[in-house]
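S.K.: If you follow the hints, you should be able to join the two separate chains into one complex; please do so.
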Amino acid sequence: MAESTRRPARRLADAPEQVARREEFSPAMRWLIYGILIFGAIIMFLPFIWMVSSACKPQAEINIVPMTFIPQNVSCLQNVTELYENSEDFNRNLLNTAIMTIGRTLGQLITCSLAAYGFARFQFPGRSVLFALCLGLLMIPFQAILIPEYLLIRSLGWRNTFMALIVPGAFSVFALFLLRQAFLQIPLELEEAATIDGANPLQVLWYVTLPLSIPALAAFAVITIQAAWNDFLYPLVVANAEETRVVTIGISLLQGQRDTPWNLLMMGSLIATLPMLVLFVLLQRYFIEGVSMSGVKR
Amino acid sequence: MATQTDLQSTWSPKYLLGRTPLSRRRALWGLALVAPNTLGLLFFFGIPVVLSFVTAFHEWNGIKPPIFNGLENFQTLLNDPKFWQALGNTLKLVLITVPIGTLLSLSIAILLNQRLHGRSFFRTLYFLPVVTSTVAASIVWAWIFQAHYGLLNNLLAGFGLLDLNWLTRPDLVLIPIAVVTIWQRVGFYMILFLAGLQNVPRSLYEAALIDGATRWQRFRYITVPMLSPTTFLIVVLSVIGSFQIFDQVFIMTARTAAGGVGGSATTLSYYLYQKGFVGGEFGYASAIGLAMFAMMLAVTIFQLRLQRRWVYYESTDG
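Residue numbers (the numbering used here), protein chains in the order written: chain C, 1 to 298; chain L, 1 to 318.
Looking at chain L on its own, in the form it has when it is part of the complex (with noise of 0.2 Å):
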């Protein structure tokens, strides 16, 4: 008889939150803490990837009321020339930024990694960049860029080399996207890496040394292993960074032909703006928005599959 009702009470709703009063009050106390944070990101981060999935299915300018359209936005993006336009700049622009990015991180980090003198003072230069917002980096590297007047152009041409249309030539605006892109990228890989550095067990090294390993030897067999979760992080973080440039093209293409002449440095998200806010088609900015998601889900995705083969984790709990 007691064991039933036992189980009974077990199974009521009282027990739900603890089996102790004191349990109880503090699971309450509990969902009262978390209660705030939680709702506020549901509503105005969930509510909206909800929304992307209805609105990316209809036509909408935003005034009239929404038509169903099922995948007519999804049929429309394969067979928009400028869509994927937009996502091969942006696949160069990862291609561009991402390696070059994580090795320029590697290399200062592991430069500034020995003992040297005014380490934290080239530790903060290098930093520096990442406190500066995109869009005033963007407008000083628009003005290092430009054409006749540039500081670019003036230096080279002391090596002979001819004055150059960065920002308007379509073969060349990436460029100058990719280095504000990296520029600001670098100091803050730079940490990480550093962060990583520091966790590698000083014994190894040692170990290392007292079999008689050269530098070279002692960077490939224990630095990069023991640094590749830093770098499988970086890669991650930059991969998804630079899907996302938006702030430079905006800034950088805004004098001389918005999104780069002839759409030579629209990127996707810079699409998606251009679609939404200033063409009013909510619903395919939607579409573009949710096909952007699955992409970089899918190289997120691609990458943890991958890291398999060439991340090194240690077995110990940290």
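So that you can see chain C by itself, here it is in the shape it has in the complex (with noise of 0.2 Å):
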């Protein structure tokens, strides 16, 4: 800061590597910029390595002060059997979380992927009409037609199915607009000289549009299933029979009763919450990616 106002106001002829320099910090505040970013670094990972140090202390040590985040007796292994024998049937819960996401994220990847190119591609009477009345739903917060929802799912006879966790889910709008952006990227003139060529529009879409939207469609992926593995609410209302519990809805049962221990809800979470870490750091190029598009106006 000192160092810009030092400078004569105008110098017409500066060259772009000393404007460059001059919006450099000095020294100091870099290590105070590097200070801060740590800081929150360590307030924002400190819950992870609290839920890791917990799910790895055998019960005595729990409660115990001063605490300590390295167990002096690790039992990790311990605790994911305690665990299993404390919940009703938590691989069950993992599975039906994983079908939940599976299934939704197929579902949608077909039927918006479809919808997203007729609409960035192809005229037709009530298109902006229709487009416009999938984007107001997106204004609709899902609280508000709980009740309804869970009535409609009721009386189709889907309660504690697997059909009610997956085909709602299996549209979306956010999906059909992030696709439809990705597809307008693509240059016309590939898919007209495939339509040349005698593709029809089936063809065109699986051999030009999807292979030319692949970074497009791993955001797509993640997102979703991210969202899909994370779902409490919906489940919690239409499917929380013992065949149909998602894992959220598992855990959340431990940590209902009183006498769960800490240690063994901290590996619940940590089970829980493992594949979608893992996913992330691995992904984390497409996880970024969709949630920049998701902020891109209009």
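FYI, nobody ran anything at the bench for these hints, they're computed from the structure.
One-sided and incomplete, this derived list gives chain C residues near chain L with beta-carbon spacing under 10 Å:
#1 L130
#2 V167
#3 F171
#4 N230
#5 L270
Keep in mind the model is a prediction, meaning the values are calculated, not measured. Glycine residues also receive a C-beta, built at the ideal position from the N, C-alpha and C atoms.
M.R.: Structure follows, in structure tokens:
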């Protein structure tokens, strides 16, 4: 700051490098920035450390003051065994979550890529009205329609079924919007060339448009997977029976029992979170791309 | 004669889809492609929207046939102290989480937008909470905020602070809920802000530098206005998000008193859930849902009107 004010107000002949250099912070400022960033990172990461640390402590160590971050007797595996004994069927919960996540993601991949392609490339009567209608649904908070949604599922006879967990989640406005944006970026000539070669629209979509949209598809997939994996309120309302219970409800039930020890709860949370953390670390780029794309205006 | 037949044929149903056989065929393809998703959305989300206007005007326990009761549900709502309490709690959470979440994510984004070592490392760390489930995050934070043995109280004890019952004290319980919400949200908005910062043309900064603008002036007169569309989006999104806080309340108060001692942590969505799925008052719960929707719509429209005063849109087509 001081550096830039000290300089003369006008120096039109400045070389670009000089301008860039003046924009830089002084070494002291840089250290301050690093300090703030590291402090923030510790706060953001502390709950993860504490989760892992508590998940690996034996019950006797969990309530000891002063607390330690590194367990004296590491008992991760023992806690996993105990968790499985305490919960009704933790593996089943995980499996149900996986089924719901895969079902919704594949469903959206099909319905939304078809629809996005239709909206992006075809002229038909009512196109803008339909698209506006879809976007309008984005405005409606899910809680506001929670009761009628439940009633609809109930009248379809879908309570406590995988149909309820998967089918309504196989349609999406967000994915439609995201994929349409991506498809619009693809040069029209490539698709036209395929059409001239005799490909029908489905073939064009499959052989030209989709392969060219892999980054957008990956961004869509990670965001959809993440949202489905972590879904709680809707499954709680429509599918809270043992056979269809998802893992978020599974760990919340453990949490509701006052006598469940915290080390087991932390182990449950860790197991439920781990797949998403791994997915994120592997596919970070697409997560961040997906989030940035969702913020692009229009 | 010829023009007359042309006119007639234009209006015949055959030409509704297009003038040439090719365009008609493409229109049919288009309709067929958008049909599955559009019909699915209309069925699973459109029908409930319409239905909510029906159920909100009925008394219904979900078992016996519904009885039409006009505006009674809404009258009850206005005289229901628990509804007002839930509304108050929700608004408090909005007022805590939105400014803090927005300012924190903006500050982090600005710091990370500098040329620093380990930028992507920090970005990863800050984003990590976004991918965790709110349920797991709330459990972990409930453990951190636990009285006596919680991590936070033990850290605070080092500063000579008393042992606080964060989750059972009505005057404190919203703090842990706000903390989880902000913790999970900051990384997401940070990415949006970073994307916004990348879009600010460098030439503006260069011009300002040549004119001798200080760092603060550059921030105040270039970054802030150029970033205002992003800020606006984030404020709208986070108001909507905070209005719907549910998981955090459900999880963090499950062990002590569901919904907080004396309803001190009950939010609108949590109250709706309790009325509908614990109390079985479907009609009344639908009315709460409609009220929530109306309020969120009103706030969003208000923000849209307000944006003319502070949001700067570049007049280029983007």
